[in-house]
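> With the hints as constraints, model all of the structure from the sequences given.
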Amino acid sequence: MKLAGFLLLLSGWGIVVSTLPLLPSSGARAAFVLAGMAVELIGLTLVARSHRVPKG
Amino acid sequence: MAASPLLSETSATFCLVLILLVPLAGTGLALVNSGLVRSRSAAHVMLASLVIVSVAAIVYVIVGFSWQGAPGRPAHVFAIGGKPWNWIAAEPLFLRGLRLDLSPASLVLLLQVFSVGLAAMIPLGAGAERWKLGAACASTVLLAGWTYPLFAHWVWSEGWLSKLGAMYGVGQGFVDSGGAGTIHVMGGLSAISIVWIVGPRRGKYSDDGGPAAIPAHNVVQVLAGCMFAWMGWLGLNSAGAILFNHRDPSAVVLILLNTTLSAAAGVLTSTIVTRMRFGRPDASLAANGWMAGLVASSAAAAFLKPPTAILAGAVAGGLVVFAIDQLEFRLTIDDPGGVISVHAIGGLWGLLSVALLSDAGSGVGGQWLAQLIGIATLLGFVFPLTHGLNLLIDRIYAHRVETDGEWQGMDLYELGAGAYPEFVVHSDEFTQH
Numbered sequence: 001m002k003l004a005g006f007l008l009l010l011s012g013w014g015i016v017v018s019t020l021p022l023l024p025s026s027g028a029r030a031a032f033v034l035a036g037m038a039v040e041l042i043g044l045t046l047v048a049r050s051h052r053v054p055k056g
Numbered sequence: 057m058a059a060s061p062l063l064s065e066t067s068a069t070f071c072l073v074l075i076l077l078v079p080l081a082g083t084g085l086a087l088v089n090s091g092l093v094r095s096r097s098a099a100h101v102m103l104a105s106l107v108i109v110s111v112a113a114i115v116y117v118i119v120g121f122s123w124q125g126a127p128g129r130p131a132h133v134f135a136i137g138g139k140p141w142n143w144i145a146a147e148p149l150f151l152r153g154l155r156l157d158l159s160p161a162s163l164v165l166l167l168q169v170f171s172v173g174l175a176a177m178i179p180l181g182a183g184a185e186r187w188k189l190g191a192a193c194a195s196t197v198l199l200a201g202w203t204y205p206l207f208a209h210w211v212w213s214e215g216w217l218s219k220l221g222a223m224y225g226v227g228q229g230f231v232d233s234g235g236a237g238t239i240h241v242m243g244g245l246s247a248i249s250i251v252w253i254v255g256p257r258r259g260k261y262s263d264d265g266g267p268a269a270i271p272a273h274n275v276v277q278v279l280a281g282c283m284f285a286w287m288g289w290l291g292l293n294s295a296g297a298i299l300f301n302h303r304d305p306s307a308v309v310l311i312l313l314n315t316t317l318s319a320a321a322g323v324l325t326s327t328i329v330t331r332m333r334f335g336r337p338d339a340s341l342a343a344n345g346w347m348a349g350l351v352a353s354s355a356a357a358a359f360l361k362p363p364t365a366i367l368a369g370a371v372a373g374g375l376v377v378f379a380i381d382q383l384e385f386r387l388t389i390d391d392p393g394g395v396i397s398v399h400a401i402g403g404l405w406g407l408l409s410v411a412l413l414s415d416a417g418s419g420v421g422g423q424w425l426a427q428l429i430g431i432a433t434l435l436g437f438v439f440p441l442t443h444g445l446n447l448l449i450d451r452i453y454a455h456r457v458e459t460d461g462e463w464q465g466m467d468l469y470e471l472g473a474g475a476y477p478e479f480v481v482h483s484d485e486f487t488q489h
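Sequence lines, in order, name chains A and B.
If you count by the numbering used here, then the first sequence holds residues 1 to 56, one letter each, in order.
If you count by the numbering used here, then the second sequence holds residues 57 to 489, one letter each, in order.
Since the hints were derived computationally from the structure, they do not count as laboratory data.
Only a predicted model underlies this, so the values are computations on that prediction, with no experimental measurement involved.
Careful: at least some of the hints might be erroneous.
[Claimed, not checked] To spell it out: a stretch of chain B is covered by chain A in this simulated footprint if at least three of its residues, at any positions, have a beta carbon under 8 angstroms from a beta carbon of chain A; those stretches are:
| no. | region |
| --- | --- |
| 1 | 129-142 |
| 2 | 219-229 |
| 3 | 251-262 |
| 4 | 437-443 |
Glycine included, each C-beta is placed from N, C-alpha and C at the ideal position.
Structural data, given as structure tokens:
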């Protein structure tokens with residue numbers, strides 16, 4: 001889960017950066033930047049949950 | 057390549073005086089971190105602060121500045137769709153080719169030598185009491201020699217993040233005059249990485265996952281550290297605005313005021329919040345609120361108006377109390393210094409406040425998008441890179457101290473002497489005769 005989380009973080013960043021040269025329209029660019037950040041947040045959540053101290 | 061921006065001799069001298077305040081930020085942070093741990097590791101934290109700053113300075117001078125450079129200096133650029141992406145500097149190693157006079161480039165170098173040390177000290181507050189000194193140095197080498205200069209180039213040396221506006225019409229490009237992202241979020245993310253590798257202190261979490269309170273050993277020291285940090289931040293925010301955002305030196309009055317107001321609002325908010333939650337104000341959380349206000353001011357102090365600086369600091373102060381709670385209880389992150397909440401979360405809020413509260417990018421749409429792209433880069437690129445490098449170190453030389461070391465305390469185990477050798481606790485002093 002940790003590795004998946006970090007891969008999602010990198011993928012999300014890739015989505016964000018690729019909007020710059022690929023999407024000229026500001027509306028589409030904003031939407032995909034937000035989408036990329038959502039992917040990053042999912043990745044961060046996965047990584048954070050995988051590092052929690054187990055109970056018991 | 058754009059020409060190096062010019063500063064008059066008076067402005068350069070004034071900027072130099074501001075830069076001379078910056079080491080006080082590190083002094084304050086060291087006092088805060090050391091005060092927030094148990095006495096058995098206090099000297100270790102303070103020595104580690106000094107050592108980390110030293111390692112960072114030397115490594116940065118040898119190789120870091122070669123990657124970061126300064127505005128108007130040589131850099132490597134590649135083209136994507138006809139747009140120039142300036143991704144890394146092309147300076148020689150060991151500062152060869154840089155004249156150490158009052159030129160803007162030399163002032164940038166000096167400011168960065170102090171700033172990279174500050175960034176490198178931040179993870180110490182999170183990994184304290186179980187992070188080996190040698191491992192901390194190794195992590196600092198990679199932070200100061202690679203990660204920090206790379207991102208700082210993108211933000212401060214005409215790299216692609218700062219040029220988002222010119223290249224793609226995204227606001228004014230990513231704005232971060234005092235280092236909320238470059239120094240504090242980066243330091244905070246490095247702190248998360250270290251905490252996840254070393255794990256919590258022994259005895260911090262019980263079998264049911266509930267955290268035990270491990271109070272600071274010297275709150276007076278922590279609060280004194282906040283005062284020193286305030287002085288340092290005044291210099292950091294002001295010098296950064298002059299050198300990186302080309303603000304006129306006369307803007308320093310506004311920057312000093314905004315920095316102070318943000319910190320003030322931060323500490324007052326955290327004091328009130330803890331008073332309401334616990335019945336009494338919590339001094340260490342209040343100190344974290346002050347620091348969070350300083351961190352939040354770092355991005356936008358040059359652009360906020362005083363009322364919005366107060367708002368930015370107040371939000372930071374409230375956020376840090378909430379964040380410390382959530383990180384400790386829900387995510388089981390043991391962060392003795394609260395640095396993740398103060399620097400990572402406070403810094404992220406500071407970066408957002410540039411778009412939400414300031415007039416940076418006014419008249420040019422999309423500043424909020426530029427800030428989000430910078431934040432996405434920190435979370436999605438800098439954090440995995442930092443964590444990967446720290447994991448690599450851990451494979452070769454474990455970050456976490458042995459069990460004996462943690463029980464004895466890092467002072468005795470790694471330094472051979474405690475911070476307070478004359479203090480002996482006698483149990484009968486606390487019982488009635």
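> Would you check chain A against the region 129-142 of chain B, counting CB to CB pairs closer than 8 angstroms, and say if three or more residues qualify?
Holds: 3 residues of the region 129-142 of chain B have a Cβ under 8 angstroms from chain A.
> Please check whether the region 251-262 of chain B has three or more residues whose CB lies within less than 8 angstroms of a CB on chain A.
holds (count 4)
> At least three residues with a C-beta closer than 8 angstroms to a C-beta of chain A: is that true for the region 437-443 of chain B?
Holds: 4 residues of the region 437-443 of chain B have a Cβ under 8 angstroms from chain A.
> Between the region 219-229 of chain B and chain A, see if three or more residues pass the 8 angstroms beta-carbon test, and mark the coverage as holds or violated.
holds (count 5)
The earlier numbered hints are all upheld by this structure, with none contradicted.
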